[in-house]
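Colleague: Go by the hints and put chain B onto chain A.
Residue numbers (this note's numbering), protein chains in the order written: chain A, 1 to 209; chain B, 1 to 365.
Incorrect hints may have been included.
As the list claims (entries may be wrong) - List of simulated lysine-lysine pairs, DSSO-like, C-alpha gap at most 30 Å:
#1 B/K35 / A/K110
#2 B/K78 / A/K37
#3 A/K36 / B/K275
#4 A/K110 / B/K41
#5 B/K100 / A/K172
#6 A/K110 / B/K80
#7 B/K100 / A/K110
#8 A/K36 / B/K91
#9 A/K37 / B/K149
#10 B/K91 / A/K173
#11 A/K110 / B/K110
#12 A/K36 / B/K35
#13 B/K364 / B/K149
#14 A/K110 / B/K26
#15 B/K26 / B/K80
#16 B/K76 / A/K37
#17 B/K91 / A/K110
It should be emphasised that the hints constitute simulated quantities derived from the structure, not laboratory data.
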Amino acid sequence: MEVYSNPLIILFAAIFTNNIIFANFLGMCSFVALSKKIEISLGMGMAVTFVSTITSAINWGIYNYFLKDGATTWLLGSVGKEINLEIFTFISFIAVIAAFVQIVEMAIEKFSTSLYHAMGIFLPLITVNCAILGVSLFMIIREYTFVQALTYGFGAGAGYTLAILTMAGIRKKLRYSNIPAPLEGIGITMITTAIMAMAFMGFNGMVNF
Amino acid sequence: MNIILGIVLFILLIEILLVIIFISTKLFIPQKPVKVSIKDKTFEVNAGEDLLSALYAEDIFIPSACGGQGTCGYCKVKVKSGGGRILPIEKEFINKKEEKEGTRLACQLKLMEDVELDLPAQYLDAKEYEAKLVSAKMLTRDIRELVFKVDDDDFCFQCGQYVQIKIPCKTSLNGYEFRAYSVACAENENCLFTLNVKLVDGGLGSTWLHKIEEGKTITFTGPYGEWQFKPESWEHLVLIGGGVGMAPLKSIVDTALEQKLSLPVSLYFGARTRKDLFYFDHFKELESKFDNFSSVFALSDEKSENWKGKTGFIHQVFAEDFNFSQVDKDKIHFFLCGPPPMIDGLMEILTAKQIFEEQVFYDKF
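One chain only, chain A, in its complex shape:
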């Protein structure tokens, strides 16, 4: 499998071919719950984009300078070569994500109280949003450089925003359609997501990784 290194390609791939929602199916809970209204989904998309961009950059630094096998050489000299702190990857990443979600929460509360209330519990739940942790983990699995990690983080957030916005648009139209009662709400949303995921597979031929 060929790995593209150009950040622009990574950005494009993160938004379209490897969309975090439609290709990886991560972050589904907030995607389904908050795609009812366009303004709310735009706010959520922006919050996720902000958090995923910042945390992927910081987590990249933490992983590559502290946690990776032998990464602490710059700090401890030859002793560092023996040290492998990869078991701390998850817990450190989550800590960073949690901290930045707190900050985003405070910022949103200050600048838009109505958005803050509309997002409700899902705003603090970005902390345990698998999409955000997924971005940080994909970035280390794929051994990105800093710039690549940053663009990937932003791209994944933009992809999430694109997905949730299109879903909000579709659900707005769905409100006036005749949906069989058992499928109303989440049921029809999951089916629509699956169809959209298939549509997004069409981008696969353009960039693949």
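Modeller: For chain B alone, kept in the frame of chain A given last:
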């Protein structure tokens, strides 16, 4: 070695993140106190507190039944300036006209800047009182009549008003919730008031009020209610109610008759069966004693032969029975209290008869 170094690094990371959060807290959350002004009264509260608890802390008891969850819509206040934008949760209870006037739910308004409020005078008069249950009896199978005596001699209510009883509640944040009940007796100087409480399955307030024993002391705030008894400007007072909507009607009838006014008072009351009908004998006795009082009772579900009165829904009975031409139509005052379908039905009838909105007061529940 790995583990120790890892833990040290992790703790360091947490420390750094905490510092970052601390700095942004300073940046985003205003630290200075916020000023709340009501008419000529001004007080300061910490930023970030909600308006409802700030008002309660200042002994201003505005109505609120749900304990600040934004589900009852009682704590409406008019905000003249400050307070930020209206939240979607409030729009459930606030219509376009009220929104334009700046109406907000106090429990949802988070104080981030100085605000200026406009409160009705009666909210400023409402206080917190303690009262003792002096007697209680069952009126029907599910309605209990409770008579309370207030400790404080200052307590004084007007007919048609209601009080809010503090009900202990384990699931509520502050350990209690308020429930509103209309007073069901005549104005008096003995600091007594009566409530009719209908037992609702799983209802917090009614279950508690059905269980408490005589001699028990309760806390309540009040009195509230904007309706005003103005017999001098009316030529006829019509009271229509159903279910537990009886309470304010009885209070008004008793008060009006005790004052020996010549104002004609008509009472229309609907219930489902004879068993659900309460105060029936009380009103029949009043009817024989006073010439200016008449009462009509209608049952919607009664199959028994023994019932000699009207049958059907009370709004239909009222439409057939009431004679609009007997007095000046513009000087009849209507007081409606009952379930929403009844009020809607009555409003339709009254609109068709060209009764002005100002002549009608209603309370839906």
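Colleague: For each hint, tell me whether it holds in the structure or not.
Modeller: Here's how the hints hold up against the structure:
1. B/K35 / A/K110: 18 Å, holds
2. B/K78 / A/K37: This hinted pair holds, its Cα atoms lying about 29 Å apart.
3. A/K36 / B/K275: Measuring from Cα to Cα gives roughly 48 Å; hence the hint is violated.
4. A/K110 / B/K41: Roughly 28 Å separates the two Cα atoms, so the pair holds.
5. B/K100 / A/K172: 27 Å, holds
6. A/K110 / B/K80: Roughly 21 Å between the alpha carbons, so the hint for A/K110 and B/K80 holds.
7. B/K100 / A/K110: Within the cut-off at roughly 23 Å; holds.
8. A/K36 / B/K91: 17 Å, holds
9. A/K37 / B/K149: Given that 30 Å is the threshold and the Cα spacing comes to 52 Å, the pair is violated.
10. B/K91 / A/K173: Distance of about 23 Å is within 30 Å: holds.
11. A/K110 / B/K110: 11 Å, holds
12. A/K36 / B/K35: Distance ~37 Å between A/K36 and B/K35 Cα, so the pair is violated.
13. B/K364 / B/K149: 28 Å, holds
14. A/K110 / B/K26: Distance ~12 Å between A/K110 and B/K26 Cα, so the pair holds.
15. B/K26 / B/K80: 29 Å, holds
16. B/K76 / A/K37: Holds, at about 27 Å.
17. B/K91 / A/K110: Judged against 30 Å, a Cα distance of about 21 Å means the pair holds.
The structure is inconsistent with the numbered hints 3, 9, 12, although it conforms to all the rest.
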